[in-house]
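J.: If you want the building blocks of each chain, they are given just below.
2 protein chains.
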Amino acid sequence: MSEMLAPGSTIGILGGGQLGRMLSVAAARLGFKTCIFEPAGDCPASHVANFHLQAAYDDEAALKRFADSVDVITYEFENIPTSALDLLESLTPIRPNRRTLAVSQDRLTEKAFLNGLGLQTAPFAAVDDEFDLAEALTEIGAPAILKTRRFGYDGKGQARIKSAQDAPQALADMAGNAAILEGFVTFTHEISVIGARGLNGDVACFDPGENVHVDGILHTTTLPATLTSSQQMDAVLLTAKILNALDYVGVMGVELFVTAKGLVVNEIAPRVHNSGHWTQNGCAIDQFEQHIRAVAGWPLGDGQRHSNVEMLNLIGDDVDRIPELAKDGKVAIHLYGKAQAKKGRKMGHVNRILGPA
Amino acid sequence: MSEMLAPGSTIGILGGGQLGRMLSVAAARLGFKTCIFEPAGDCPASHVANFHLQAAYDDEAALKRFADSVDVITYEFENIPTSALDLLESLTPIRPNRRTLAVSQDRLTEKAFLNGLGLQTAPFAAVDDEFDLAEALTEIGAPAILKTRRFGYDGKGQARIKSAQDAPQALADMAGNAAILEGFVTFTHEISVIGARGLNGDVACFDPGENVHVDGILHTTTLPATLTSSQQMDAVLLTAKILNALDYVGVMGVELFVTAKGLVVNEIAPRVHNSGHWTQNGCAIDQFEQHIRAVAGWPLGDGQRHSNVEMLNLIGDDVDRIPELAKDGKVAIHLYGKAQAKKGRKMGHVNRILGPA
Numbered sequence: 001m002s003e004m005l006a007p008g009s010t011i012g013i014l015g016g017g018q019l020g021r022m023l024s025v026a027a028a029r030l031g032f033k034t035c036i037f038e039p040a041g042d043c044p045a046s047h048v049a050n051f052h053l054q055a056a057y058d059d060e061a062a063l064k065r066f067a068d069s070v071d072v073i074t075y076e077f078e079n080i081p082t083s084a085l086d087l088l089e090s091l092t093p094i095r096p097n098r099r100t101l102a103v104s105q106d107r108l109t110e111k112a113f114l115n116g117l118g119l120q121t122a123p124f125a126a127v128d129d130e131f132d133l134a135e136a137l138t139e140i141g142a143p144a145i146l147k148t149r150r151f152g153y154d155g156k157g158q159a160r161i162k163s164a165q166d167a168p169q170a171l172a173d174m175a176g177n178a179a180i181l182e183g184f185v186t187f188t189h190e191i192s193v194i195g196a197r198g199l200n201g202d203v204a205c206f207d208p209g210e211n212v213h214v215d216g217i218l219h220t221t222t223l224p225a226t227l228t229s230s231q232q233m234d235a236v237l238l239t240a241k242i243l244n245a246l247d248y249v250g251v252m253g254v255e256l257f258v259t260a261k262g263l264v265v266n267e268i269a270p271r272v273h274n275s276g277h278w279t280q281n282g283c284a285i286d287q288f289e290q291h292i293r294a295v296a297g298w299p300l301g302d303g304q305r306h307s308n309v310e311m312l313n314l315i316g317d318d319v320d321r322i323p324e325l326a327k328d329g330k331v332a333i334h335l336y337g338k339a340q341a342k343k344g345r346k347m348g349h350v351n352r353i354l355g356p357a
Numbered sequence: 001m002s003e004m005l006a007p008g009s010t011i012g013i014l015g016g017g018q019l020g021r022m023l024s025v026a027a028a029r030l031g032f033k034t035c036i037f038e039p040a041g042d043c044p045a046s047h048v049a050n051f052h053l054q055a056a057y058d059d060e061a062a063l064k065r066f067a068d069s070v071d072v073i074t075y076e077f078e079n080i081p082t083s084a085l086d087l088l089e090s091l092t093p094i095r096p097n098r099r100t101l102a103v104s105q106d107r108l109t110e111k112a113f114l115n116g117l118g119l120q121t122a123p124f125a126a127v128d129d130e131f132d133l134a135e136a137l138t139e140i141g142a143p144a145i146l147k148t149r150r151f152g153y154d155g156k157g158q159a160r161i162k163s164a165q166d167a168p169q170a171l172a173d174m175a176g177n178a179a180i181l182e183g184f185v186t187f188t189h190e191i192s193v194i195g196a197r198g199l200n201g202d203v204a205c206f207d208p209g210e211n212v213h214v215d216g217i218l219h220t221t222t223l224p225a226t227l228t229s230s231q232q233m234d235a236v237l238l239t240a241k242i243l244n245a246l247d248y249v250g251v252m253g254v255e256l257f258v259t260a261k262g263l264v265v266n267e268i269a270p271r272v273h274n275s276g277h278w279t280q281n282g283c284a285i286d287q288f289e290q291h292i293r294a295v296a297g298w299p300l301g302d303g304q305r306h307s308n309v310e311m312l313n314l315i316g317d318d319v320d321r322i323p324e325l326a327k328d329g330k331v332a333i334h335l336y337g338k339a340q341a342k343k344g345r346k347m348g349h350v351n352r353i354l355g356p357a
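Residue numbers (the UniProt record's numbering), protein chains in the order written: chain V, 1 to 357; chain X, 1 to 357.
Hints are computed from structural coordinates only; laboratory data are not their basis. A few of these clues could be false.
Heads up, the list lumps identical chains together, so a pair's fine if it works in one copy or across two of them.
What the hints assert, rightly or not - Here are the simulated EDC-like cross-link-like pairs (lysine to aspartate or glutamate), alpha carbons at most 20 Å apart as the crow flies:
no., residue 1, residue 2
1, K327, E3
2, K327, D68
3, K327, D202
4, K156, E267
5, K241, E255
Pulled out of the complex, with its shape left as it was, chain V reads as follows:
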């Protein structure tokens, strides 16, 4: 373990939202210092990090200062401008690596990569204009979803196409951005695997959780998921396949549809993932610490679950339920320190312990 980063070293985190916040706390637990790079002031991660470098992603001097002041760089979101990454990478290691970002920043590249590994995805086609869209609709059929290839999350940048007559509006919704048409997949439920790969190539996966979305945003993740043991094995093996193919270092979220024809990959996220928050109260080493361990070259936790857990997201006004939720001794509360509870904003989550695993 000669590459094991020593306690007292500083981990740089691009992005200062709730994921950066929980990564910072995990890093502190292992004795690391953290420096957050985030343009916004009073961001969730800044409350618990050692340093907050408040600057824009095109501020080269700030990026240099950041890279020079940290021992390794990681990130809490995948849409970091390429120019910033180029500069940072020339100075300090970035984990997970650039190839992963190139793959996952673009829905088209991501799906092509997954198919290349022999994994199933929804049917898809690139859509740059109305001619592409018409052709794609003929091939894939409606209903389908048009999505921007880049910068989409939590249902943003997406338009449903129920029939061909929705096509013009859907295309207009893309606002000129390159898009991808995705066909629907008939599935019984969605699960996700939070996988991790260490600097030495070791892979460890947490048990799959079962996800329920409401209005395009994750609502609950429940452990254990409804899976046969062979489905569970498939889920873990395909996650390992993705991690190994990318020479990945860190935690990755892999969303999977469970279908009659096997598991279909919905999307991958090269970072800690909302559907892995349950690990905070279900495992000795949670996804945040697992990610920090990986990027710091430490041995990974084994992902073993001591408790069954239901994670419930608190979106917008849901946070008003805290006084009630706090009365339940089996409910662990995790708030993100955001001042205003706007509609659709992730304010926190709770993990309810259901019993021993």
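Go by the hints and put chain X onto chain V.
T.: The following block gives chain X in isolation, referenced to the frame of chain V:
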């Protein structure tokens, strides 16, 4: 729950060591901001707190600024100068209360208080000079321990008296401070109860842990402790008695000797306690969050344990064992961010999950 402090409020913490650090993280988890008052720079708590007010305890302007900038004040150690408390209390509520500090800051007062509640302690006598000491030794007998009445912890300010001839040196070791002679208690083992009392008077205790000390410093705490169910009940009830008698708000550590004649109180600590660190990986709501919940007027966790745990302190060079310890997936690591591993210095701890409770 009208007195429930709203997320976004600021909790002031006197003292910036590892207990303040872990309290800060727990407060952040509930959406609170934290401000640490601590004379030392780069203290463990400052790494994860929103604000660090670095000033001395006799700096009245700084104390005022601190009290004015926070919604409630708590502390991680009991030896806060009285003058500072007087000033702070006139501006902002301090929890746990002053009476508790008056009782626990002085070993003599504490033992008298406990006896007053009908609880057993070691035999003791006040020692101000050689005449007191001679009389006390006649009454209590040797071997015995002479301790300063105030400001002792982790075996500091203590002198063993094996026979009367050790008396002069022991008294000299007190350096003129008022002292107390304590007789030895014959016990099979030591346990501690981490109890909590909420603002509304609710009491919740974590299960007792069994402590092993080495060189006067806590070495391990193991759950479950070796106790009959009636001993376990006694331990919890006497802890509740102490909490209620003090109109206590917060978490308290109660160290108990298990003897043939029942439980004997060794000492009480009006704060989160090293022997409660196991709760971080054994309970949905740990002692740090429990303390924050209490001082913030939130409902308490129920103290239920989901896993059996062994907590091991990392003292001084023990921290060099981290690479080895990190390989065990059942071991959760908690480091305090201290730069130098001095002899006897608490650098961190690990919680090993032993299995379901």
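J.: None of the hints should be skipped; say for each whether it holds.
T.: Structure-based check of each hint:
no., hint, result
1, K327 - E3, "between (45 Å within a copy, 14 Å between copies)"
2, K327 - D68, "neither (46 Å within a copy, 30 Å between copies)"
3, K327 - D202, "between (41 Å within a copy, 12 Å between copies)"
4, K156 - E267, "within (15 Å within a copy, 58 Å between copies)"
5, K241 - E255, "within (14 Å within a copy, 51 Å between copies)"
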